[in-house]
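Asker: Chain residues, written in single-letter form:
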Amino acid sequence: MFSFLIKRLVQSFMVLLSVAFIAFALFKFVGDPINNMVGQDTTLVEREALAERLGLNDPFPIQFFNFIKGAAVGDFGLSYRHKVPVSQLIAERAPATLELSIISALLSVFVGIPMGVYTAIRRKGFLSRSFMTVSLVGISLPTFLIGILFIFLFGVILRWLPTFGRGEVVQIGFWSTGLLTWSGIKSLILPAVTLALFQMTLIMRLVRTEMLEVLTTDYIKFARARGLKENAVNFGHALKNTLIPVITIIGLQLGLVMAFAIITETVFQWPGMGMLFIQAIEEVDVPVMAAYLMMISVVFVAINLAVDILYAFVDPRLTIDGGSKHG
Amino acid sequence: MALLDVKNISIGFPSRHGMFVAVKDVSLSVERGEILGVVGESGAGKSTIGNAIIALLEPPGEVIKGEVYLNGARIDNLSAEEKRLIRGKKIGMIFQDPQTSLDPLKTIKQQLVESINLHLKLGRKGSEKKAFELLEQVGIPDPLIRMEHYPHQFSGGMRQRVVIALALCGEPELIIADEPTTALDVSVQKQILDLMRKLCREKNVGMILVTHDMGVIAEVADRVAVMYNSQLMEIGETKQIIGNPQHEYTKSLISAIPRPDKKVRRFPLVTYIEDVVERKDEFDVSTHWLGQSRDFEMKVADDGTILQLENLGMRFQITNSLFKSKRRYLDAVKDVNFNIKEGETFGIVGESGSGKSTIARMVTGLYKPYKGAVKFLGKEISAISHTPEVLPYRRQMQMVFQDPFSSLNARMRVMDIVAEPILFHKLAGSKAEAEHIVLDLLKLVGMSDDAYAKYPHQFSGGQRQRISIARALATRPRFLICDEPTSALDVSVQAQILNLLKDLQEELNLTMMFISHDLPVIRQMCDRVAVMRHGQVLELAETEKLFEDPQHEYSQHLLSLMPQLDMLQA
Chain A
16 MFSFLIKRLV QSFMVLLSVA FIAFALFKFV GDPINNMVGQ DTTLVEREAL AERLGLNDPF
76 PIQFFNFIKG AAVGDFGLSY RHKVPVSQLI AERAPATLEL SIISALLSVF VGIPMGVYTA
136 IRRKGFLSRS FMTVSLVGIS LPTFLIGILF IFLFGVILRW LPTFGRGEVV QIGFWSTGLL
196 TWSGIKSLIL PAVTLALFQM TLIMRLVRTE MLEVLTTDYI KFARARGLKE NAVNFGHALK
256 NTLIPVITII GLQLGLVMAF AIITETVFQW PGMGMLFIQA IEEVDVPVMA AYLMMISVVF
316 VAINLAVDIL YAFVDPRLTI DGGSKHG
Chain B
4 MALLDVKNIS IGFPSRHGMF VAVKDVSLSV ERGEILGVVG ESGAGKSTIG NAIIALLEPP
64 GEVIKGEVYL NGARIDNLSA EEKRLIRGKK IGMIFQDPQT SLDPLKTIKQ QLVESINLHL
124 KLGRKGSEKK AFELLEQVGI PDPLIRMEHY PHQFSGGMRQ RVVIALALCG EPELIIADEP
184 TTALDVSVQK QILDLMRKLC REKNVGMILV THDMGVIAEV ADRVAVMYNS QLMEIGETKQ
244 IIGNPQHEYT KSLISAIPRP DKKVRRFPLV TYIEDVVERK DEFDVSTHWL GQSRDFEMKV
304 ADDGTILQLE NLGMRFQITN SLFKSKRRYL DAVKDVNFNI KEGETFGIVG ESGSGKSTIA
364 RMVTGLYKPY KGAVKFLGKE ISAISHTPEV LPYRRQMQMV FQDPFSSLNA RMRVMDIVAE
424 PILFHKLAGS KAEAEHIVLD LLKLVGMSDD AYAKYPHQFS GGQRQRISIA RALATRPRFL
484 ICDEPTSALD VSVQAQILNL LKDLQEELNL TMMFISHDLP VIRQMCDRVA VMRHGQVLEL
544 AETEKLFEDP QHEYSQHLLS LMPQLDMLQA
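Chains as they are written, first to last, in the working numbering: chain A, 16 to 342; chain B, 4 to 573.
It is worth saying that the hints were derived from the structure and are not from the lab. Accuracy of the hints is not assured; some may be wrong.
[To be verified] Taking lysine to any residue pairs in the SDA-like style, the calculated list, with each CA pair at most 20 Å apart, reads:
id: 1; chain 1: A; residue 1: K236; chain 2: B; residue 2: D338
id: 2; chain 1: A; residue 1: K236; chain 2: B; residue 2: K378
id: 3; chain 1: A; residue 1: K236; chain 2: B; residue 2: D145
id: 4; chain 1: A; residue 1: K22; chain 2: A; residue 2: T232
id: 5; chain 1: A; residue 1: K244; chain 2: B; residue 2: K378
id: 6; chain 1: A; residue 1: K244; chain 2: B; residue 2: K109
id: 7; chain 1: B; residue 1: K92; chain 2: B; residue 2: Q102
id: 8; chain 1: B; residue 1: K109; chain 2: A; residue 2: V261
id: 9; chain 1: A; residue 1: K244; chain 2: B; residue 2: Q102
id: 10; chain 1: B; residue 1: K132; chain 2: B; residue 2: D145
id: 11; chain 1: A; residue 1: K236; chain 2: B; residue 2: G464
id: 12; chain 1: A; residue 1: K255; chain 2: B; residue 2: T103
id: 13; chain 1: A; residue 1: K236; chain 2: B; residue 2: K242
id: 14; chain 1: B; residue 1: K109; chain 2: A; residue 2: L164
id: 15; chain 1: A; residue 1: K236; chain 2: B; residue 2: K132
id: 16; chain 1: B; residue 1: K193; chain 2: B; residue 2: E176
id: 17; chain 1: B; residue 1: K109; chain 2: A; residue 2: L20
id: 18; chain 1: B; residue 1: K92; chain 2: A; residue 2: A247
id: 19; chain 1: A; residue 1: K84; chain 2: A; residue 2: R138
id: 20; chain 1: B; residue 1: K109; chain 2: A; residue 2: R138
id: 21; chain 1: A; residue 1: K255; chain 2: B; residue 2: E438
id: 22; chain 1: A; residue 1: K236; chain 2: B; residue 2: H555
id: 23; chain 1: A; residue 1: K84; chain 2: A; residue 2: R96
id: 24; chain 1: A; residue 1: K244; chain 2: B; residue 2: E237
id: 25; chain 1: A; residue 1: K255; chain 2: A; residue 2: L164
id: 26; chain 1: B; residue 1: K242; chain 2: B; residue 2: H215
id: 27; chain 1: B; residue 1: K378; chain 2: B; residue 2: Q320
id: 28; chain 1: A; residue 1: K201; chain 2: A; residue 2: L164
id: 29; chain 1: A; residue 1: K236; chain 2: A; residue 2: I324
id: 30; chain 1: B; residue 1: K109; chain 2: A; residue 2: I259
id: 31; chain 1: B; residue 1: K109; chain 2: A; residue 2: R332
[Said to hold, decoys possible] Pairwise CB distance ranges (calculated):
id: 32; chain 1: A; residue 1: T231; chain 2: B; residue 2: K68; range: 54 to 60 Å
id: 33; chain 1: B; residue 1: L426; chain 2: A; residue 2: T231; range: 38 to 44 Å
id: 34; chain 1: B; residue 1: F326; chain 2: A; residue 2: F28; range: 46 to 52 Å
[Claimed, not checked] Computed list of chain B residues with no C-beta within reach of chain A, every gap over 10 Å:
id: 35; residue: R87
id: 36; residue: R90
id: 37; residue: L125
id: 38; residue: Y153
Ideal placement from N, C-alpha and C gives every residue a C-beta, glycine not left out.
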């Protein structure tokens with residue numbers, strides 16, 4: 016178990032390092048940072064001085080090392096456009112994106128799994144069939160289209176929910192939250208549901224397929240032959256076995272929620288990191304792009320690591336292995 | 004009053020083509036403390052009866068006619084909830100594969116306590132105590148420690164004991180055991196059968212033992228019901244059924260069982276069973292492509308040795324580690340030495356994990372030996388695997404695998420499956436010639452004329468094994484390795500395949516390495532036998548000598564475990 020963890024950590028580190036390299040390469044190849052920072056009337060000498068101050072004249076490995084050193088403590092330099100530290104920009108925007116993604120993730124897991132279980136157990140029921148049909152829509156329509164349809168239906172026609180922005184936010188320390196005000200919560204509903212829909216349907220279908228498979232196994236038959244009640248068979252034995260392979264995929268998908276947030280944030284004008292990133296691309300604001308790239312990869316790697324550890328907790332075959340086999 | 008009374012039961016599975024009747028008009032009864040064996044080949048409907056009694060028929064199966072009485076009370080027309088109350092409490096069930104019948108994510112204790120508390124309502128403490136007692140009864144050592152373990156920490160035999168303990172949780176009056184020992188080794192099988200018989204007697208529990216294995220029946224059953232083609236053929240005392248069968252089907256079934264007690268030249272042909280295609284020899288092998296130019300320039304040594312194993316060893320790494328001292332290895336094969344002579348059938352017998360299949364895989368080049376050498380026709384073929392130089396030697400050696408269901412590519416037609424080795428080794432001048440050879444090969448192994456255009460799934464297990472043999476013969480090999488070629492087959496089909504192998508050996512002068520865990524089959528097939536355990540050859544002797552006068556302790560032990568069919572007519 017311990018060596019497994021070490022191995023995973025080393026792998027994660029390698030992944031982060033390669034992403035860092037790509038992010039760093041952005042600086043080198045996407046435009047000249049000096050040109051982006053200074054005006055036209057800056058003299059060559061001044062430019063040279065600026066390049067020296069920013070370390071742009073150092074050899075490549077040293078620049079990369081300095082970049083990593085900065086990245087490790089969250090220092091990605093100044094945003095070319097806003098002229099403030101990137102870390103500060105990210106810190107301002109992160110709560111919005113995190114709230115949106117976490118709520119969406121929770122929504123897709125806690126709605127998706129029960130729906131999957133239900134459709135597996137009552138395979139032929141009317142409700143199951145409707146879930147399946149609706150989920151097909153959820154999986155085949157692109158997120159931005161669903162978002163626009165939602166805005167049209169709930170915002171324009173029914174006028175129930177706001178269609179853009181975060182509503183009123185409350186500042187708690189460095190964290191600004193929309194969850195404590197009524198308008199904040201109302202603003203969150205549409206984007207969160209839009210973002211969750213795809214993952215929800217995916218998780219539902221995944222759980223359903225896996226559960227149907229588990230229900231045909233011998234130990235389920237044997238559990239029935241032991242006279243266990245249907246609920247004990249379905250939830251006591253089948254569900255846990257279903258979730259083991261599903262956990263990995265769900266973990267990966269939750270990483271995607273954050274990445275997908277870019278589109279949803281754009282559609283709903285959500286002031287999060289996704290919007291920041293889109294603007295950064297438009298204006299070739301390389302430090303922001305690099306920071307965003309690093310952040311997303313850290314989240315992905317962290318989720319994966321968590322899933323691996325979780326796996327070991329749910330599946331006894333992984334934790335106690337090798338030496339203890341006797342009989 | 005009998006414990007269980009099944010009266011004229013018929014079970015059907017509705018399908019698009021009308022009702023498929025899996026069981027037709029079967030009546031049987033079980034007394035307390037009695038073991039009733041239900042025997043038959045695959046598809047005979049024997050498991051379906053067991054499932055119907057405990058009301059666990061796979062949908063859409065249903066009882067279409069007849070009644071089931073338990074202790075005189077009718078149980079087949081109860082509601083679903085009432086039936087559930089009977090399951091586990093009145094009728095327990097044991098399944099075939101102990102590897103898969105336990106929930107892998109719960110400890111043994113959790114599963115036992117769940118069942119006990121449900122049926123006996125003993126509370127937590129009481130249930131745990133009962134679980135302890137049950138594990139002790141079924142012979143699990145250190146129950147207190149072992150019950151905290153998960154299923155994967157038990158061996159196959161121990162797991163089956165746990166399954167039996169679970170079936171006993173509700174103190175049932177009847178137990179249905181569906182092939183309870185099929186997935187186990189002989190020595191473990193013997194222990195489990197003894198345990199089941201003991202429990203039946205002690206607890207005065209009736210048992211229905213569903214199996215395809217006459218040896219198991221002879222070992223434990225008091226009475227036997229013989230099923231064939233959905234119908235009950237014959238029911239009676241075990242001694243009478245095996246020693247003096249009345250029905251034609253039973254007679255032919257009994258005659259197809261490989262005899263453990265003496266060697267016969269051929270297996271008696273099962274006459275009752277349909278779709279037996281007798282091989283018609285329409286061409287003379289010696290003048291045919293098959294008999295010609297089989298690279299006879301590769302000469303067998305003067306003493307007739309065709310295959311030579313020298314200090315052969317195989318080691319698998321079971322724990323990976325950066326540090327050498329922490330790595331752990333499993334020596335699957337340790338220092339094996341033997342020679343196989345041309346034209347003989349060399350048997351390797353042993354229980355699972357004894358290393359017998361590993362040897363086959365090293366000989367064929369699927370594994371690279373950890374040490375030692377494989378010499379075939381005087382050439383060392385173990386080190387170099389697929390250089391052009393070694394290819395002609397590899398071609399001389401072919402393998403027939405155990406499972407005919409997974410050893411044929413499901414997406415290829417039989418024609419392509421058999422033609423592939425011919426084309427790969429460029430043994431035929433043209434594709435048309437290769438196809439002509441395939442047709443002859445299929446005829447040679449007793450397949451019907453239209454088989455070439457079909458896919459593997461359209462054939463039964465026995466027919467598929469014939470296709471595997473045809474494919475193995477397609478490179479004109481001199482040496483054939485058969486790894487448990489019949490252990491997945493019914494006994495009547497097994498008799499046909501074994502006869503076929505014997506015939507082919509004679510006609511093509513094949514040398515065979517025959518791997519099996521089944522001692523009677525080994526006795527019928529082999530000239531010499533190596534007995535293996537833990538990767539070592541313990542005894543190597545002429546077959547008859549081994550069976551009459553085994554020298555090594557383990558050989559004696561194995562032979563004593565062989566189910567005795569001494570009720571058989573001489």
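Asker: Now, for every hint given, state plainly whether the structure supports it.
Answerer: These are the hints, each one checked on the structure:
no.	hint	result
1	K236(A) / D338(B)	44 Å, violated
2	K236(A) / K378(B)	50 Å, violated
3	K236(A) / D145(B)	28 Å, violated
4	K22(A) / T232(A)	33 Å, violated
5	K244(A) / K378(B)	61 Å, violated
6	K244(A) / K109(B)	17 Å, holds
7	K92(B) / Q102(B)	24 Å, violated
8	K109(B) / V261(A)	18 Å, holds
9	K244(A) / Q102(B)	23 Å, violated
10	K132(B) / D145(B)	14 Å, holds
11	K236(A) / G464(B)	26 Å, violated
12	K255(A) / T103(B)	16 Å, holds
13	K236(A) / K242(B)	34 Å, violated
14	K109(B) / L164(A)	46 Å, violated
15	K236(A) / K132(B)	26 Å, violated
16	K193(B) / E176(B)	23 Å, violated
17	K109(B) / L20(A)	24 Å, violated
18	K92(B) / A247(A)	16 Å, holds
19	K84(A) / R138(A)	55 Å, violated
20	K109(B) / R138(A)	26 Å, violated
21	K255(A) / E438(B)	52 Å, violated
22	K236(A) / H555(B)	43 Å, violated
23	K84(A) / R96(A)	23 Å, violated
24	K244(A) / E237(B)	38 Å, violated
25	K255(A) / L164(A)	37 Å, violated
26	K242(B) / H215(B)	17 Å, holds
27	K378(B) / Q320(B)	25 Å, violated
28	K201(A) / L164(A)	17 Å, holds
29	K236(A) / I324(A)	30 Å, violated
30	K109(B) / I259(A)	13 Å, holds
31	K109(B) / R332(A)	10 Å, holds
32	T231(A) / K68(B): 54 to 60 Å	28 Å, violated
33	L426(B) / T231(A): 38 to 44 Å	40 Å, holds
34	F326(B) / F28(A): 46 to 52 Å	21 Å, violated
35	R87	6 Å, violated
36	R90	4 Å, violated
37	L125	15 Å, holds
38	Y153	4 Å, violated
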